[in-house]
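Number of protein chains: 2
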Amino acid sequence: MNYRIGVDLGGTGIKAGVVDENFNIVCRESAATDAARRGFEQVVEDMVRVAEKAAAQIGLTLSDFPCVGVGTPSCISPKTGLLVFSNNTNWRNVPLRQELEKRIAAPVLIGNDANCAVVGECVAGAAKGYRDVVMFTLGTGVGSGIVIGGKMYAGADGMGAELGHTPLIYGGEPCTCGANGCAESYASVTGLIRDTKRAMERHPESAMHAHAALHGAVSGRTAFDCAKEGDLAALEVAERYCDYVAAVIAGAVSVFRPEIVLIGGGVSNAGAFLLDRLNERAVKRVFAGEIIGCAPIAAARLGNDAGIVGAAYLDQW
Amino acid sequence: MNYRIGVDLGGTGIKAGVVDENFNIVCRESAATDAARRGFEQVVEDMVRVAEKAAAQIGLTLSDFPCVGVGTPSCISPKTGLLVFSNNTNWRNVPLRQELEKRIAAPVLIGNDANCAVVGECVAGAAKGYRDVVMFTLGTGVGSGIVIGGKMYAGADGMGAELGHTPLIYGGEPCTCGANGCAESYASVTGLIRDTKRAMERHPESAMHAHAALHGAVSGRTAFDCAKEGDLAALEVAERYCDYVAAVIAGAVSVFRPEIVLIGGGVSNAGAFLLDRLNERAVKRVFAGEIIGCAPIAAARLGNDAGIVGAAYLDQW
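Those protein sequences? They're chains R and H, same order as listed. For any residue, its number in this note's numbering is found by taking its place in the first sequence, counting from 1, and adding 1459. For any residue, its number in this note's numbering is found by taking its place in the second sequence, counting from 1, and adding 1459.
Do not take every clue at face value.
Quick list of in silico lysine to any residue cross-link-like pairs, SDA-like style, CA-CA up to 20 Å [unchecked claim]: (1) H:Lys1610 x R:Arg1590; (2) R:Lys1687 x R:Ala1671; (3) H:Lys1538 x R:Glu1718; (4) H:Lys1743 x R:Asn1552; (5) R:Lys1587 x H:Asp1616; (6) H:Lys1656 x H:Ser1678; (7) R:Lys1512 x R:Glu1488; (8) H:Lys1538 x H:Glu1558; (9) H:Lys1538 x H:Arg1556; (10) H:Lys1610 x R:Asp1616; (11) R:Lys1743 x H:Ser1545; (12) H:Lys1743 x R:Gly1630; (13) H:Lys1538 x R:Ala1747; (14) H:Lys1610 x H:Glu1718; (15) H:Lys1687 x H:Glu1739; (16) H:Lys1538 x R:Ile1719; (17) R:Lys1538 x H:Gly1748; (18) R:Lys1656 x R:Leu1694; (19) R:Lys1610 x H:Asp1616; (20) R:Lys1610 x H:Trp1776; (21) H:Lys1743 x R:Asn1639; (22) H:Lys1587 x H:Trp1776; (23) H:Lys1743 x R:Val1543; (24) H:Lys1687 x H:Pro1663; (25) H:Lys1538 x R:Ile1607; (26) H:Lys1538 x R:Ile1751; (27) H:Lys1587 x H:Gly1609; (28) H:Lys1538 x R:Arg1590; (29) R:Lys1587 x R:Arg1760; (30) R:Lys1610 x H:Gly1637; (31) R:Lys1743 x H:Gly1637; (32) R:Lys1538 x H:Ile1719; (33) H:Lys1587 x H:Ala1757; (34) R:Lys1743 x H:Asp1702; (35) H:Lys1743 x R:Gly1614; (36) R:Lys1538 x H:Arg1590; (37) R:Lys1538 x H:Ile1751.
Source of the hints: derived by calculation from the structure; they are not laboratory data. Bear in mind the structure is a predicted one, so any value in this text is a computation, not a measurement.
The following block holds chain R by itself, in its conformation from the complex (with noise of 0.2 Å):
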């Protein structure tokens, strides 16, 4: 059996997962990232650390594979293998190959969370047997993922690929990035939110306040749930947001015209609600839709293991 190993450096957790022939993981190991109390060597030990340990589970040390592939939301540099900008983590260009190489007697790579989780649908999930495909992250932000002629694309200088911080609204809300009006600021889960919070304050007859009450706060479901109850205030907001998400899809359709989308990350959980929605609209939005067509929009299958598995084949994508 030959093995593969994937590490995914999340802003909470180091995660590690050992993957095998049919792409399951077979053994998992991980541990908090606490990137703000500890140096950035000592979270590179622990990434080192919960590898091992991951590989130790059957019997094998890092040696054993191919390469060692990373996947964390960041700006990562092929090039020069320095992470050059994390949100998470603060962190400024830091040489993170370069450290992991002294410690582990493998080639490593490295690759931005949502472009290893694009590779993991397209090696074990959703988008098996697809040779272009985009997929986004509707998570804390918006990822994006993209794989052109079956390799993945992260622009000229591998840092690309940010379809999150493209223009929806000019002039917009602020988003995490500095801009304003980035797809990211309306299509997460934190846009979600922040918009069901407005309408529960313009509508207090609104059921989203018994839902919020009952699971402890308003999240991404809130609105969600509550629209396939049938309550207009929430249905305005879950409409509202799907169109958003259909204008991001377009958009990026009528560039990349991929033979598949993927939505992944939380507010893929709306199942049906959601998808639905975006393929009815996104082709009304497309360029030349009404003739070209547009993309099936699917849910991502591998959930958050897409970036473990995608990160143990960055080698071949």
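Based on these hints, arrange chain H on the given structure of chain R.
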């Protein structure tokens, strides 16, 4: 001397040019398109005739060329050779390549005009030597051409790269494509003229009225010319327009991270006034632009010839 030939099929005119090894158009021919009054076949006959006449000027026939390249503002399917959709001629799914190949004893390649323009600029213009390029033509509409790794990129089915139809203002002004708030509906000359006229209505004191009277009409120059002379209402329109274009460019740079961004089309006549603002502002909107930076934004060099030169080299891109 090895010559090449390119044909530009536009809404008003058919133009053909023979290109020499120094990328100069050494002979030209043209005719009216007049697709409204005439059938598709007649236009095809004229395209062949115009190309033949251009070739005959230097004693060549079309079979002497390695290929005949055609650029046209349409969705072209490279797989089927169909012109799938053209706003100008109102054609749908017409077999343009097949009909041309029946009449021409050389391979025929057809590309979208903006895609041809970026190839032309790469071959012989402002993008010479660059392998990753994004170009916007700001004219009646907003065309765009993308070069990735030295190859023209037009989406998986060859009908994409339509950055003009990515969103800029969700729910905004109607776009020619049927959607609302596309980049094209603000960053085109058409959008600029609309916004100029609106500002003129609000500002009867503006120098733009006298400028328009002098030149016979409100044009894409009205606001820029008057802004440069210090007219405040014009300055507001021109500044806002620059900001729109900067936002559109920044979105594309966050995805493609090109080495250079080119601006062609009528608005590029605004010169340094436009380019200085684009270069200053786009970097502020690019994802992680304060760390990674943004490609320089420069004027295209070949003007209307870019399409012919690019079409002539389509087989190499």
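Each hint, compared with the structure:
no. : hint                  : verdict
1   : H:Lys1610 x R:Arg1590 : holds (18 Å)
2   : R:Lys1687 x R:Ala1671 : holds (15 Å)
3   : H:Lys1538 x R:Glu1718 : holds (15 Å)
4   : H:Lys1743 x R:Asn1552 : holds (19 Å)
5   : R:Lys1587 x H:Asp1616 : holds (19 Å)
6   : H:Lys1656 x H:Ser1678 : holds (9 Å)
7   : R:Lys1512 x R:Glu1488 : holds (7 Å)
8   : H:Lys1538 x H:Glu1558 : holds (15 Å)
9   : H:Lys1538 x H:Arg1556 : holds (10 Å)
10  : H:Lys1610 x R:Asp1616 : holds (16 Å)
11  : R:Lys1743 x H:Ser1545 : holds (17 Å)
12  : H:Lys1743 x R:Gly1630 : holds (13 Å)
13  : H:Lys1538 x R:Ala1747 : holds (17 Å)
14  : H:Lys1610 x H:Glu1718 : holds (14 Å)
15  : H:Lys1687 x H:Glu1739 : holds (18 Å)
16  : H:Lys1538 x R:Ile1719 : holds (19 Å)
17  : R:Lys1538 x H:Gly1748 : holds (18 Å)
18  : R:Lys1656 x R:Leu1694 : holds (13 Å)
19  : R:Lys1610 x H:Asp1616 : holds (16 Å)
20  : R:Lys1610 x H:Trp1776 : holds (19 Å)
21  : H:Lys1743 x R:Asn1639 : holds (10 Å)
22  : H:Lys1587 x H:Trp1776 : holds (13 Å)
23  : H:Lys1743 x R:Val1543 : holds (17 Å)
24  : H:Lys1687 x H:Pro1663 : holds (18 Å)
25  : H:Lys1538 x R:Ile1607 : holds (17 Å)
26  : H:Lys1538 x R:Ile1751 : holds (13 Å)
27  : H:Lys1587 x H:Gly1609 : holds (10 Å)
28  : H:Lys1538 x R:Arg1590 : holds (16 Å)
29  : R:Lys1587 x R:Arg1760 : holds (10 Å)
30  : R:Lys1610 x H:Gly1637 : violated (33 Å)
31  : R:Lys1743 x H:Gly1637 : holds (8 Å)
32  : R:Lys1538 x H:Ile1719 : holds (19 Å)
33  : H:Lys1587 x H:Ala1757 : holds (12 Å)
34  : R:Lys1743 x H:Asp1702 : violated (27 Å)
35  : H:Lys1743 x R:Gly1614 : holds (18 Å)
36  : R:Lys1538 x H:Arg1590 : holds (16 Å)
37  : R:Lys1538 x H:Ile1751 : holds (13 Å)
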